[in-house]
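Asker: Chains F and V supply the protein sequences, listed in that same order.
For the first sequence, counting from 1, position 169 maps to 169 in my numbering; every step adds exactly one.
For the second sequence, counting from 1, position 388 maps to 388 in my numbering; every step adds exactly one.
Hints were generated in silico from the structure; no laboratory data involved.
Glycine residues also receive a C-beta, built at the ideal position from the N, C-alpha and C atoms.
Among the hints, a few may not be true.
Claimed, not checked - In silico SDA-like links for lysine to any residue, alpha-carbon gap of 25 angstroms or less:
1) V:496 / F:53
2) F:49 / V:367
3) F:49 / V:74
4) V:344 / V:118
5) V:194 / F:98
6) F:160 / V:506
7) V:45 / V:535
8) F:135 / V:206
9) F:205 / V:535
10) V:257 / V:506
11) V:269 / F:53
12) F:214 / V:139
13) V:194 / F:107
14) V:269 / F:98
15) V:194 / V:184
To be verified - One-sided and incomplete, this derived list gives chain F residues near chain V with beta-carbon spacing under 10 angstroms:
16) 13
17) 69
18) 75
19) 113
20) 114
21) 118
22) 157
23) 222
24) 247
25) 257
Stated by the list, open to error - Computed Cβ-Cβ distance ranges for the label pairs, DEER-style:
26) F:160 / V:381: 30 to 40 angstroms
27) V:37 / F:70: 31 to 41 angstroms
28) V:4 / F:47: 47 to 57 angstroms
29) F:236 / V:8: 22 to 32 angstroms
30) V:37 / F:243: 36 to 46 angstroms
31) V:522 / F:106: 27 to 37 angstroms
Take a look at the letters that make up each chain.
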Amino acid sequence: MSAPKQVATGDRAILPKGARTIPIFVMGKRYDVPETLTIMKAMEFAGFKFLRGAGCRGGICGACPTVYRKEGDYKLYFGLACQTVVEPNMFLAQIPFYPANRAQYDIETIEPLADVVHSLYPELFRCVACNNCTKACPMHVEVLDYVSAIKQGDLARAAKLSFDCIQCGMCASRCMGELPQYHIAQLVRRLFGKYIQPRAQHLQKRVGEIESGKYDAMLSGLEKMNHAELEKLYKEREREPDMVPLGTWMPKDVSHL
Amino acid sequence: MSYTPEMKELIKKVEATRPERVARAKRGENFPALSLEERAVVLGKFHPDYQEEGRRALKVGLDKGLVVPEEVARVMESRSMLRPDKVDLSTPDYDTDILILGAGGGGTSAALMATDAGLKVIVATKLRHGDANTMMAEGGIQAATQECDSPFYHYLDTIGGGHFTNQADLVGALAHDAPLSIAWLESLGMIFNKLPDGRLDCRHFGGSCRKRMQSSGDMTGAEIMRVLRDEARNRRDSISIMEFCPAVELLLDETGKCAGAILYNMETKEFFVTRAKAVIIATGGNGRLHIKGFATTNHYGATMDGVVMSYRAGVGTTCLPSTQYHPTGVAYPEQNVGLLITEKVRGLGAHVLNVDGEQFCFPLEPRDVESAELIKEAMEKSKAVITPTGRYGLWLDSPMIDLIHGEGTVRKELPAKFIQFERHGIDISKDPMLVYPTLHYQNGGIAINADCETVVPGLYSAGECTGGLHGENRLMGNSLQDVITFGRRAGVSAAKYVAGGVELGILTLDHVERFEKELEEAGVTDSIVAPILLPDYSTDEVTARRLAEARQESE
């Protein structure tokens, strides 16, 4: 086999000889781009340099939500530009930011009650259950379901249903009731994490031990050790067995716990 | 996007050799692993960290003579965006107690701690608040919270994993603070995976002696980042977030203290003189420098800005030549390029194969050796598959897993990977994956002590932009703990320094002039302008048509 001719480096795509291109329409303007590229990389191939509209490039930060239609199809589609592959004759626009109301609160003094959430976001009850939010979610979060759970006062259920939210704002952009769904869900998840989910008792105990200075001498001893001493201790470590339930196993040497 | 017809033809070669390979695997036979001597050869010849080619000594600055990757050297020896003698520093546009550069996990943690101490903070970032590598960390965060564990063992695991090259005081600080960080995140309302009684669910990871990996689904970093960001938004009276407005140069005063930075609004192209009593650099990693052309798992803005700016101000580095590569990043489909494929796939028996469907290496060599073997097969032997977008790929024969362990094993053991590829029309229990090594983590960076102080008074740093904590190899779950532990420490240290009374003198950019003079004296004449802020992915054809010599609007 002969040596490969053209090789893409980094995130820059190069069109190999004979590879097919397809037309896409960025805000109505035609560009011919290689098939199999994501919308993000296709736009970069065409010569765009993103300032807004690109972030993690791995489908988790919510910077690149994109709305598109396909030729001859009335439907609106939503996706992340970094995750959605181009299709022939797609008409697309990025929506990197969408304004949404956010309520200020103090996590230390707020009460984890549905009434509190309702009073911070009274617009919750403007929801007409049209389900456009869910249809617009590029993460396939059941947005309407968590909004309904919040209205019904089930904060724990809403926290779980909204967990995959990346806060891109597409739900808010399509909402007839003008709700800022993702901000409300963030508040609910923090209330759940701080007040509803049980606290870790073993963690509180460990924090007390650390603050009492229990490990200070142990750690400063380690910091002064040479390579050979550290390597010896490293090799002598006992390994917690994989299959034992958490909190049940103890090592033979408990002098450093 | 499932495989193209051309790729499907190539897969037939993999299928042709598979029955015989599976039979051998069932007999317990495998491709022979390399001896230590052979490992040294392949590493020396093909691992980017070991190769002389593509690396060179720095010609200027405190670490002059240090051999680093060419791409790193290029930004370390760069010129400023500013012409220092043409900037009026006499009337600052902004004045604050603490200026934080970078709005990921480290910068945001620092901001929260500084405002706890009653100070005013500006956070400047090139993208949006939270667009950072913190957001992308999936696996989890280390902390010795269980009864059978302690900071002592966290210390040992970390320094052993780093081949005993780590900076001791940083490892001590990490092991000490890790449970405090978890308790802090819990009190801010972060959702952890917990057992019904509230016990943190903890798991083993590569190099652990105790189950120490706490997590939040498979989006631990994203959950951390959204909680920290939400809390910062609740403190808008004391924390101003300036998005799309990165620092391009540090400011010192005439006594040599750090005194702020020049911020650059990327949308309006304005520069702002920003005076601050202390500065914290938390600008993250360098994956987007694409060392030797490798793809990366990093976010769009990971261009090493903080190291560049602090180097000009006279701050040295620790472990800078060391970079973490992961052997099996996705090479196809394009939308997943650079993302990780867990070592578990090879652990379950999948072979790594070339374009002819032949095995060429033992699949479970150490990470650095395995990466070198894949690079060798592509570069020296020219036996890689070329993807439709022009990338190297080698086959990772995942369908073997079901044939060895029984139908359904792939789906059961690798659910997230299965779904990730299924979304693009590829069933990894039936068809192999295409992989190639990917840039994962900047092991080295700005030299700090355990209080996040640099050698410049008033200048602090935290997170991936710093060096020493991980030595030459980072363990899973220590990066998220790094940003929380040291982000918090940086905020506390800087606040204490400011509370002690800081009198700033006349602002200067003299250090930049001195650095550029040093460049000139060293005969560096072709240096680029940095921080580069964002990578440029234009094709050569587009670049050519931009006619660099055409008259520009500004002329």
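Asker: With reference to the structure, classify each hint as holding or not holding.
Answerer: Outcome of the hint check:
{"no.": "1", "hint": "V:496 / F:53", "verdict": "violated (38 angstroms)"}
{"no.": "2", "hint": "F:49 / V:367", "verdict": "violated (34 angstroms)"}
{"no.": "3", "hint": "F:49 / V:74", "verdict": "holds (22 angstroms)"}
{"no.": "4", "hint": "V:344 / V:118", "verdict": "violated (47 angstroms)"}
{"no.": "5", "hint": "V:194 / F:98", "verdict": "violated (34 angstroms)"}
{"no.": "6", "hint": "F:160 / V:506", "verdict": "violated (53 angstroms)"}
{"no.": "7", "hint": "V:45 / V:535", "verdict": "violated (28 angstroms)"}
{"no.": "8", "hint": "F:135 / V:206", "verdict": "violated (40 angstroms)"}
{"no.": "9", "hint": "F:205 / V:535", "verdict": "violated (46 angstroms)"}
{"no.": "10", "hint": "V:257 / V:506", "verdict": "holds (10 angstroms)"}
{"no.": "11", "hint": "V:269 / F:53", "verdict": "holds (18 angstroms)"}
{"no.": "12", "hint": "F:214 / V:139", "verdict": "violated (29 angstroms)"}
{"no.": "13", "hint": "V:194 / F:107", "verdict": "holds (21 angstroms)"}
{"no.": "14", "hint": "V:269 / F:98", "verdict": "holds (23 angstroms)"}
{"no.": "15", "hint": "V:194 / V:184", "verdict": "holds (16 angstroms)"}
{"no.": "16", "hint": "13", "verdict": "holds (4 angstroms)"}
{"no.": "17", "hint": "69", "verdict": "violated (20 angstroms)"}
{"no.": "18", "hint": "75", "verdict": "violated (19 angstroms)"}
{"no.": "19", "hint": "113", "verdict": "violated (15 angstroms)"}
{"no.": "20", "hint": "114", "verdict": "violated (16 angstroms)"}
{"no.": "21", "hint": "118", "verdict": "violated (19 angstroms)"}
{"no.": "22", "hint": "157", "verdict": "violated (13 angstroms)"}
{"no.": "23", "hint": "222", "verdict": "holds (5 angstroms)"}
{"no.": "24", "hint": "247", "verdict": "holds (6 angstroms)"}
{"no.": "25", "hint": "257", "verdict": "holds (5 angstroms)"}
{"no.": "26", "hint": "F:160 / V:381: 30 to 40 angstroms", "verdict": "violated (50 angstroms)"}
{"no.": "27", "hint": "V:37 / F:70: 31 to 41 angstroms", "verdict": "violated (58 angstroms)"}
{"no.": "28", "hint": "V:4 / F:47: 47 to 57 angstroms", "verdict": "violated (25 angstroms)"}
{"no.": "29", "hint": "F:236 / V:8: 22 to 32 angstroms", "verdict": "violated (52 angstroms)"}
{"no.": "30", "hint": "V:37 / F:243: 36 to 46 angstroms", "verdict": "holds (38 angstroms)"}
{"no.": "31", "hint": "V:522 / F:106: 27 to 37 angstroms", "verdict": "violated (54 angstroms)"}
Checked against the numbered hints given earlier, this structure breaks hints 1, 2, 4, 5, 6, 7, 8, 9, 12, 17, 18, 19, 20, 21, 22, 26, 27, 28, 29, 31; the rest are met.
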